[in-house]
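**Q** Each chain, letter by letter, is given below.
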Amino acid sequence: MDQNRIRNFSIIAHIDHGKSTLADRILELTDTVTGREMRAQVLDTMELERERGITIKAQAVRVNWKGHELNLIDTPGHVDFTYEVSRSLQACEGALLVVDAAQGVEAQTVANAYLAIENDLEIVPVVNKIDLPQADPEGAAAEIAELVGDEPGHVLRISAKTGDGVAAVLDALVERIPPPRGSAAEETPPRALVFDSSYDQYRGVVAFVRVVDGSFSAREPLRAMAQGTQFESEEVGFFAPTMRAAEALGAGEVGYVITGLKDVSRLRVGDTLTSEQRPASEPLPGYKDVKPMVFAGLFPTDSDEYPDLRDALERLKLNDAALFYEPETSQALGFGFRCGFLGLLHMEIVRERLEREFDLDLIVTAPNVAYRVLSKAGEEVEVHNPAEMPREVERVEEPYIKASIIVPKDYVGPVMELNTERRGRFDHMEYLSEERVLLLYELPLGEIVLDYYDQLKSRTRGYASFDYDLVGFREGKLERVDVLIAGEPVDALSLIVHRDGAYARGRALVDRLREEIPRQFFDVPVQAAIGSRVIARETIKAKRKDVLAKCYGGDITRKRKLLERQKAGKRRMKQVGSVEVPQEAFLAVLNLDGGKK
Amino acid sequence: MRASADTGGHRGGARHLYVHLPFCASRCGYCDFVTVVGRDGQHEAYVSALLTELALERAVLAPRLESVFLGGGTPTLTEPRALSRLLQALPPAEEVTVEANPETVTPALARLLQGCGVTRVSLGAQTFQPRLLEMLDRRASPDDVRRAVYALCDARIDNISLDLIYGIPGQSPADLDADLSEALALGPEHVSCYELEAKPGTRFTHAHGAELARQATAMEWYFERVVERLTAVGYRWYETANFCRLPAAADGRDLRSRHNLAYWRGRDYLGLGIGAVSTIEGRRWRNTPRLGRYLATLAAGERPHREVETLSEPVRRSERVLLGLRLDEPLSLDGLDGALDATAVERLERLGLVDRRHGAEALALTERGRFLGGGVTAELLA
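Line by line, the protein sequences give chains A and B.
Heads up, the first sequence is in this note's numbering, so the first residue is 1 and it goes up one at a time.
Heads up, the second sequence is in this note's numbering, so the first residue is 598 and it goes up one at a time.
No lab work stands behind these hints: they were computed from the structure.
Treat the hints with caution; some may be incorrect.
[What the hints assert, rightly or not] Here are the simulated lysine-lysine pairs, DSBU-like style, with alpha carbons at most 30 Å apart:
| # | chain 1 | residue 1 | chain 2 | residue 2 |
| --- | --- | --- | --- | --- |
| 1 | B | Lys796 | A | Lys543 |
| 2 | A | Lys545 | A | Lys559 |
| 3 | A | Lys409 | B | Lys796 |
| 4 | A | Lys457 | B | Lys796 |
| 5 | A | Lys541 | B | Lys796 |
| 6 | B | Lys796 | A | Lys570 |
[Unchecked claim] Chain A side only, calculated, beta carbon under 10 Å to chain B, not exhaustive:
| # | residue |
| --- | --- |
| 7 | Leu132 |
| 8 | Lys570 |
| 9 | Ser578 |
| 10 | Pro582 |
C-beta atoms are modelled at their ideal positions from N, C-alpha and C, and glycine is treated no differently.
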C-alpha cells in the first residue's frame with residue numbers, strides 16, 4: 001500500500017468514556033466485522049479486561065475506509081502502562097482524543113493527551129456520548145479544546161453508541177492525520193518498532209509492530225536490535241480484527257510478526273526489529289527497559305499452594321514481560337514471592353488474574369516502591385523489600401511521580417492538604433473550566449502506593465480524577481523502621497518511611513500489633529525502632545490467669561476437648577522468637593486490604 | 598506425698614460413688630447442671646430409681662467405698678424421708694458428702710444428715726453480698742449461710758466446705774475481700790472458689806455475658822487475691838479451685854475432698870441418676886438427663902439410656918495430665934509416655950511455669966504455672 005494512503009492512529013480516552021465502543025463502531029462501519037461476528041468490544045479479549053472495562057494489552061486492527069488503510073492501535077488505558085502507551089503512540093501519526101460529554105476531561109485524558117503531544121501526534125478531538133440526557137457537549141468541547149490548544153468548533157461530536165457522527169470521525173482521520181514518512185525504498189535496511197507483544201501457547205511470542213522503513217516478510221532471519229535476540233519470522237500479517245497472514249508488511253504498515261520465541265522477555269516492547277542480512281545501523285529511538293516500581297509480597301494463604309503460585313507466576317510472566325518475581329521467605333507468612341509491578345493497577349491485575357484464572361487464595365502484603373540506596377561502603381543497590389535495606393546508608397533515593405489531579409474547584413483545598421501530608425510539591429494549577437481545576441503535583445511514589453487514591457476519593461466525595469507519570473528518582477530522608485516483638489525483629493513488618501512520618505507509622509503499627517497479638521505467659525514488648533533507637537513501644541502484659549474453673553467427674557470430657565481445641569489453635573500460630581503470634585495478626589497489619597481500612 | 602501411680606478401682610472395683618439429686622426450688626441463671634424444678638411428688642420414685650440403678654451396677658463397685666458424694670441440683674431439697682431412705686441404702690464409705698443450699702439447712706436436716714452417716718457438707722454460699730446473690734438468682738441470704746454452718750456444727754458435722762463464686766458482674770475488690778472475710782469468719786474446713794463462667798446457653802450468659810467479657814481484664818487478679826487471702830490464714834491450695842485447712846489446724850486430719858481427689862487422680866467412679874457420668878475401666882457414660890425417661894426405664898428394671906464414650910489409651914493419658922496438674926502434688930510421669938510435648942515442657946520450665954521433680958519422673962506446676970494452669974496444660978499436652 002502506498003504510504004500516502006495509510007493512516008495510523010490511537011484512541012485516547014479515560015475509562016468508560018467510550019473508547020472500546022467507538023472502536024467497535026469503526027469495525028462495523030468499515031465492514032471489518034459483520035454484524036454476526038460483532039461482539040460488543042471485540043478488541044478487549046481477556047475476560048478481565050472486559051469486566052474491568054480496561055484494555056491491558058494493546059492491539060492493532062486494520063480497517064479500510066474510502067480507499068485508505070487505517071490502522072487502529074489500541075492503547076492500554078492506564079498509567080501503569082505508560083511506557084506501552086508511549087510505544088503505541090510512537091507507532092502512530094495521530095490520535096483520537098475521546099471525552100465523555102457528561103464527564104468532561106479527566107486526569108487520565110490529560111496525561112495521555114500530553115503523551116500524544118510529546119510524540120508529535122496530530123490530535124483529533126472528539127466529544128462522545130452526546131446522546132446522554134445529561135450530556136454537555138459544548139462544555140466538554142471547550143475543555144478539550146483548551147487542553148489541546150484547538151478551536152471548540154473543530155471538536156467532533158458523536159455518539160459511539162448510536163453510531164451518530166462516527167463516519168465523520170473516519171473522514172477526519174484521513175483528512176487531518178499525516179501519512180507515515182518512512183523510507184519505502186527496496187534497498188533501505190528495514191526497521192520496525194515493537195510496540196507490544198503477546199504470547200501464544202503454540203506459536204510463541206507474537207510481536208506487534210509498526211514498520212517504519214523497508215518491509216518484512218515471512219521466513220526472514222530477523223534481529224531485535226536492543227536485546228540482540230535473533231529469530232526467524234514464521235509469519236507476518238495484520239489484524240482484521242483476527243489474525244490474517246500477509247506476504248509482507250511494508251513501510252508505514254502495522255501488523256504482527258510471529259517469532260517462535262518461547263519467552264516474552266526475549267523481545268521487549270520498544271525494541272527495533274531489523275533484517276539479519278541487511279541490518280539497519282541505528283535502532284528507532286526511545287527503547288528503554290521498563291523496571292518495576294511497586295513491590296509487594298505475594299503469599300499463598302495455604303502454604304500447600306506455594307508450588308501452584310510459582311507455576312502461575314511462571315505462566316503469567318510468559319505474557320507479561322513487566323512482571324518481576326523472586327522467591328521470598330517470611331517468618332510471618334512462610335514461602336512466597338516478592339513481586340515487582342509497573343504500578344498499582346498492574347499489581348491489582350496480576351493479583352486478580354492469579355486469584356481468578358489460577359484459583360489461588362493470596363495474601364498480598366502492603367506494597368512498597370523501589371529504592372536506590374548508596375551504602376556507607378559506597379555500594380549502590382536497588383532495594384525492593386524494606387527488610388533488605390542496609391541499616392547504614394549514605395543516601396536513599398525514591399521514585400517520584402508527576403500527578404495530574406482534576407477536581408471540582410470546591411475540593412482544591414482538601415486535595416492540596418492531602419498532597420502536603422504526602423510530601424507533595426505543588427507544581428501548577430489551572431482552570432479547565434469555571435468549575436473544574438487541574439492540579440499538577442510532584443509526589444514520592446511511596447506516598448501513593450498505600451491508600452492515596454482512597455484518601456483522594458474520600459476527601460473529594462469521589463469527584464477527583466487522578467493519574468501519574470514517573471519522573472525519576474530523588475533523594476529523600478528515608479528511614480527503615482523495624483518492628484520487634486519481644487526483642488526479635490520481624491522481617492515482614494519492616495518498612496521504609498520518611499523521617500517525618502516514621503514516628504506516626506511506627507506508633508500505628510505497634511498499637512495495631514498490641515491489639516492483635518494475644519497475651520502470652522510473659523510480658524511481650526512490641527517496639528518500632530529506627531536502628532537501635534526505639535520510637536514506639538507497647539507491652540502486651542502477661543496473662544495473669546488462665547484456668548478452667550471447675551473440673552469434676554461430669555466435666556472431664558468437655559474440659560479435655562476444650563484443651564484440645566486450645567492446642568489446635570496454638571498449632572496455627574507463627575513463632576516469633578518465643579512469642580506465638582496468630583497469622584491473622586500479621587495479616588491485619590500487612591494485608592493490603594487490611595491496610596486500606 | 599504419694600505420686601498417683603495407682604489406678605482407681607482396687608480389686609477390680611470402683612471405690613467412688615456419685616449420686617445426682619436434681620431437684621431445685623428454682624433454677625439459678627448461671628447454672629448449667631442437670632436440674633429439675635418442682636416435681637415434688639417424684640422424689641420417692643426417683644430415689645427408688647437410683648437404688649435400682651445402684652443394684653444394676655453393684656458389680657462395678659468395690660466391696661468397701663472410699664467416698665460417696667451426693668450432688669445436685671439441691672440434694673437437701675429432696676423430701677427428707679426420701680433423702681434418708683437413700684442415704685441409708687447407699688453403701689457405707691469413709692467420706693460421705695452432701696451438697697446443700699444454705700436456706701435448706703435446718704437443725705432438723707443437719708441432724709438427719711448426721712444420723713444417716715454424712716461426714717461432710719458442701720454449702721453453696723457463693724457470696725455474702727445481697728445484691729450479688731440476687732444477680733446470681735440465689736435464694737439464700739448471708740444470714741442463711743451462717744445459720745446453716747451453726748446448725749451443721751451443732752449436729753456435729755465437723756467437715757464443712759463453703760463454695761464461693763468470684764468475678765460476678767459489679768463485684769468490687771472490696772466485695773471480694775468482704776466475701777473472703779465472711780467465709781473465713783465461719784472457719785470452714787474447706788473452701789471452693791470458682792470464677793463465674795458464662796456457660797453457653799444459660800439465662801445468665803444471655804443477660805450478662807457481654808459484661809462478663811468486658812470486666813475480665815479488670816478482675817483477672819481476683820484469683821490471685823483469693824489464693825493469697827486463703828493461704829495467708831493457713832489453707833492449703835491443693836487444687837486449682839479448692840482449699841482446705843492444713844492438718845496442723847485440723848487435728849491432723851487431711852481435709853482434702855477424697856471424692857474429688859479421686860477424679861483428679863484419674864480413678865474410676867460410678868455415677869447414679871439423671872445426667873450422671875461414670876468412668877469405669879476406659880469407658881465413660883452419661884445417663885440420660887431426662888427425668889421421665891430415667892424413671893420409666895428403671896421402673897422396668899432396665900439401665901437408663903446412656904451416651905457412651907470409649908477412652909483410648911492416649912486420651913486416658915491426656916486426661917491424667919490435665920486432671921493431675923490441677924493438684925498441688927507432682928504428677929508422676931510413669932505410664933504417661935507420649936502424653937507430653939517435650940519441647941513445651943522445656944520451654945515452660947524456662948519460663949518458670951513448670952518444675953520437673955524426682956529426677957524428671959514427676960512434673961508439677963509452679964505457683965505462677967498454677968494460675969495459668971489451663972493454658973500451660975494445653976501447651977504441655979502432645
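**Q** Hint by hint, say whether it matches the structure.
**A** Verification of the hints:
1. About 22 Å separates the Cα atoms of Lys796 of chain B and Lys543 of chain A, which keeps this hinted pair within 30 Å; it holds.
2. Under the criterion of a C-alpha separation no larger than 30 Å, the hint pairing Lys545 of chain A with Lys559 of chain A is consistent with the structure, at around 17 Å.
3. Only pairs whose Cα atoms come within 30 Å are accepted, and Lys409 of chain A paired with Lys796 of chain B is rejected, the gap being roughly 59 Å.
4. The suggested pairing of Lys457 of chain A with Lys796 of chain B is violated, with an alpha-carbon distance near 47 Å, which exceeds 30 Å.
5. The straight-line distance between the Cα atoms of Lys541 of chain A and Lys796 of chain B is roughly 26 Å, inside the 30 Å bound, and the hint therefore holds.
6. For the suggested pair Lys796 of chain B and Lys570 of chain A, the alpha carbons sit about 23 Å apart, so the restraint of at most 30 Å is met.
7. Proximity of Leu132 of chain A to chain B is violated relative to the hint, the smallest CB-CB distance being about 52 Å (cut-off 10 Å).
8. Checking Lys570 of chain A against chain B: minimum C-beta separation of about 7 Å stays under 10 Å; hint holds.
9. With its C-beta approaching chain B no nearer than about 7 Å, Ser578 of chain A sits inside the 10 Å limit, and its interface hint holds.
10. Restraint check, Pro582 of chain A versus chain B: the minimum CB separation of about 14 Å is more than 10 Å; hint violated.
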